[in-house]
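Sequences and hints are given; from them, build the entire structure.
Top line first, the protein sequences correspond to chains A and B. Each residue of the first sequence is one higher than the one before, counting from 1 in the working numbering. Each residue of the second sequence is one higher than the one before, counting from 127 in the working numbering.
Treat the hints as calculated values from the structure; they're not laboratory data. Any given hint could turn out to be false.
[Claimed, not checked] Not everything, but these chain A residues come out facing chain B in the computed CB check (under 8 Å):
{"no.": "1", "residue": "N17"}
{"no.": "2", "residue": "G24"}
{"no.": "3", "residue": "R50"}
{"no.": "4", "residue": "I61"}
[Claimed, not checked] Below are the DMTMM-like pairs computed for lysine to aspartate or glutamate, each with C-alpha atoms no more than 25 Å apart in a straight line:
{"no.": "5", "chain 1": "B", "residue 1": "K333", "chain 2": "A", "residue 2": "D80"}
{"no.": "6", "chain 1": "A", "residue 1": "K22", "chain 2": "B", "residue 2": "E403"}
{"no.": "7", "chain 1": "A", "residue 1": "K62", "chain 2": "B", "residue 2": "E163"}
{"no.": "8", "chain 1": "A", "residue 1": "K22", "chain 2": "A", "residue 2": "E123"}
{"no.": "9", "chain 1": "A", "residue 1": "K62", "chain 2": "B", "residue 2": "E219"}
{"no.": "10", "chain 1": "B", "residue 1": "K300", "chain 2": "B", "residue 2": "E403"}
{"no.": "11", "chain 1": "A", "residue 1": "K22", "chain 2": "B", "residue 2": "E221"}
{"no.": "12", "chain 1": "A", "residue 1": "K62", "chain 2": "B", "residue 2": "E221"}
These numbers come from a predicted model, not from an experiment. Yeah, the Cβ is synthetic: ideal placement off N, Cα and C, and Gly gets one too.
Here's the letter readout for the chains.
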Amino acid sequence: MPKLTAAQTFELARQFNEVAQKLGAYRFANWSKLTPGQRTNLENQEWTIRNYSSDFVALSIKLDVADVAQTLTGIKRGTDRMKAAVKNLEQIAKIIKVATIMISIGAAVTTGNPTVIAAAVSEAMK
Amino acid sequence: MLKLSLFRRTIALVLLLSFTLINTACTDLKAIRAFTESSTEIGKGFPNLAKDLSASCKRQRTFQGIQRNQFRPDRLVAITHPEPGSPDFRKLERECRAFTEIEEPLIAVNDVLMEYLAAMGALAADDLTAYGDGLDGLGNSLTNGNIFNAGEVGAIKGIANFILKASTEGYRRKQLKNALEENNNNIKTISYALQRIIAEKYVLQLKNEREQMRSYYSTSILQYGDYMRRMVAQRRQTGLAQGGHRVAIVRAQDEPDVEDPLPIIRVKRIWDEDEKEIQDKIAGAEAYGKAVAKIAEGHQKLYRERNQLGSKEALKIALTYGQTIKSLVDDFREAF
Numbered sequence: 001m002p003k004l005t006a007a008q009t010f011e012l013a014r015q016f017n018e019v020a021q022k023l024g025a026y027r028f029a030n031w032s033k034l035t036p037g038q039r040t041n042l043e044n045q046e047w048t049i050r051n052y053s054s055d056f057v058a059l060s061i062k063l064d065v066a067d068v069a070q071t072l073t074g075i076k077r078g079t080d081r082m083k084a085a086v087k088n089l090e091q092i093a094k095i096i097k098v099a100t101i102m103i104s105i106g107a108a109v110t111t112g113n114p115t116v117i118a119a120a121v122s123e124a125m126k
Numbered sequence: 127m128l129k130l131s132l133f134r135r136t137i138a139l140v141l142l143l144s145f146t147l148i149n150t151a152c153t154d155l156k157a158i159r160a161f162t163e164s165s166t167e168i169g170k171g172f173p174n175l176a177k178d179l180s181a182s183c184k185r186q187r188t189f190q191g192i193q194r195n196q197f198r199p200d201r202l203v204a205i206t207h208p209e210p211g212s213p214d215f216r217k218l219e220r221e222c223r224a225f226t227e228i229e230e231p232l233i234a235v236n237d238v239l240m241e242y243l244a245a246m247g248a249l250a251a252d253d254l255t256a257y258g259d260g261l262d263g264l265g266n267s268l269t270n271g272n273i274f275n276a277g278e279v280g281a282i283k284g285i286a287n288f289i290l291k292a293s294t295e296g297y298r299r300k301q302l303k304n305a306l307e308e309n310n311n312n313i314k315t316i317s318y319a320l321q322r323i324i325a326e327k328y329v330l331q332l333k334n335e336r337e338q339m340r341s342y343y344s345t346s347i348l349q350y351g352d353y354m355r356r357m358v359a360q361r362r363q364t365g366l367a368q369g370g371h372r373v374a375i376v377r378a379q380d381e382p383d384v385e386d387p388l389p390i391i392r393v394k395r396i397w398d399e400d401e402k403e404i405q406d407k408i409a410g411a412e413a414y415g416k417a418v419a420k421i422a423e424g425h426q427k428l429y430r431e432r433n434q435l436g437s438k439e440a441l442k443i444a445l446t447y448g449q450t451i452k453s454l455v456d457d458f459r460e461a462f
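Below you can see the structure in the form of C-alpha cells.
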C-alpha cells in the first residue's frame with residue numbers, strides 16, 4: 001500500500017484542526033441547551049482531536065508516515081459529516097459519534113497500524 | 127618633453143582607472159553586504175523560533191491541564207511549573223517529543239543558510255575571516271531528525287561543503303561568482319524546505335494552541351455565567367423563604383443573569399495579551415518564511431547577474447532585496 005506522504009499527513013492535521021474548532025464553536029453556541037455531561041463529552045472530544053492535529057503536524061514534518069491509502073478520503077467524509085451535523089442541535093448524538101470515529105482514526109494513524117487504520121476508516125465511510 | 131607628458135597622462139589614466147575600480151568595488155561590497163547582513167539578521171532569532179515548536183505543544187497541553195484542575199492549587203503549580211523529572215514534566219516531554227526531535231536539525235539547517243550568507247558577504251568584502259565554525263556535526267543533526275528528504279540533505283551538505291572549502295582554501299572576491307553558480311539551486315531547495323516547515327506547519331501548531339487557549343477562556347467565562355445564575359437563583363429562593371422582603375425579591379427577578387461583569391473584563395484583558403503573543407508568533411513565523419523566500423529570490427537574481435556583479439542592475443537587486451528582508455526582520459523580532 002502507498003505510504004502517507006508528509007503533505008497528506010499535514011492535510012490530516014488541517015482537517016482535525018478544523019473539526020476541533022467546529023466542536024468548540026458548537027459547544028459554546030449551544031452551551032445553555034447542553035447537559036453538563038454533553039458539554040464535558042464534547043470538550044474531551046474537541047481536545048483529543050486537537051491534540052491529534054498537533055501530533056499530525058509533528059509527523060508531517062518527518063518523512064513517510066503510515067501505510068494507508070484511504071485515510072484521507074475517510075477523514076474528509078468524517079469532516080463533512082461533522083460540518084453538516086453541527087448545524088443542528090438535534091444531531092448531538094451524531095456529532096459525538098462522528099467525533100468518536102475521528103478519534104479512532106487519529107489513534108490508528110499515530111500507531112501506523114494499517115489494519116487498525118483500515119477498520120477506523122471503514123467506519124467513517126459508512 | 128613629449129615623453130614626460132605621455133608619462134604624466136599614463137599616470138593620470140592609471141589613477142583614474144584605479145579610482146573607478148576601487149569605487150565600483152566598494153559599491154559592490156556595500157550592496158551585497160547589505161543584502162547578506164539583512165539576511166543573516168533573520169537567522170539570529172531562529173533558535174528561539176525552533177524551540178517554540180515543542181513549547182507551543184506543551185502550552186496547548188498545559189491549558190487542558192489547568193482547566194481540568196482549576197480548583198486544585200497543588201496540581202496547578204505542578205502543571206504550570208513541572209519539576210524536571212516529575213510525572214507532569216515527563217508527560218509533557220512525551221506528548222511533545224516529536225516536536226522536540228525536529229528542533230536540532232532545523233536549527234542546523236538555518237545555521238548552514240546563515241553561514242553561507244555570511245560567507246557570501248565576506249567574499250564580497252574580500253575578507254578572509256574564517257567561517258563555517260558552527261557546521262561541525264552537521265551530518266548527525268540532519269540524520270537525527272529524519273525531516274529532510276534526500277534532495278534537501280544533498281543541498282544542505284552541498285552548501286556546507288562550499289563554506290568549508292571557501293574557508294580552508296581562502297576564497298576571495300573573485301569566487302563570489304562561483305558561490306552563486308554552485309549554490310543557487312541548493313539555496314532554493316533549502317529555502318523551500320524551511321518555508322514549508324515554519325510558515326505552514328509551525329503556524330498550524332500555533333493555531334492549535336490558539337484554539338486551545340480560546341477554548342479555555344470561553345469555557346471559563348461560560349462556567350462563571352452558570353455560577354452567577356445559580357447565585358441569583360439561590361438568592362431568589364432565600365428571599366422567598368425569608369418572607370416580608372417583597373421589594374428585594376422583585377429587584378432580584380428583574381436583574382440580569384450575571385450581576386458582576388468586572389471579573390470578565392479583567393479576564394478578557396489577560397486573554398487579549400495571550401492572543402497578541404500568539405498572533406506575534408504567527409506573524410514572526412510568516413515573516414521568516416517570506417524572508418527565506420526573498421533570500422532565494424535575491425540569490426537567483428544575483429546569479430543571473432553573476433558575470434557583471436558590479437553593474438547597476440546587480441546593485442539595485444542587492445539593495446532592493448536587502449531592504450525587503452530588513453522590513454521582514456522587524457516583524458520577526460517582535461516575537462523572537
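Unmet hints by their number, sorted upward, for this structure: 7, 10
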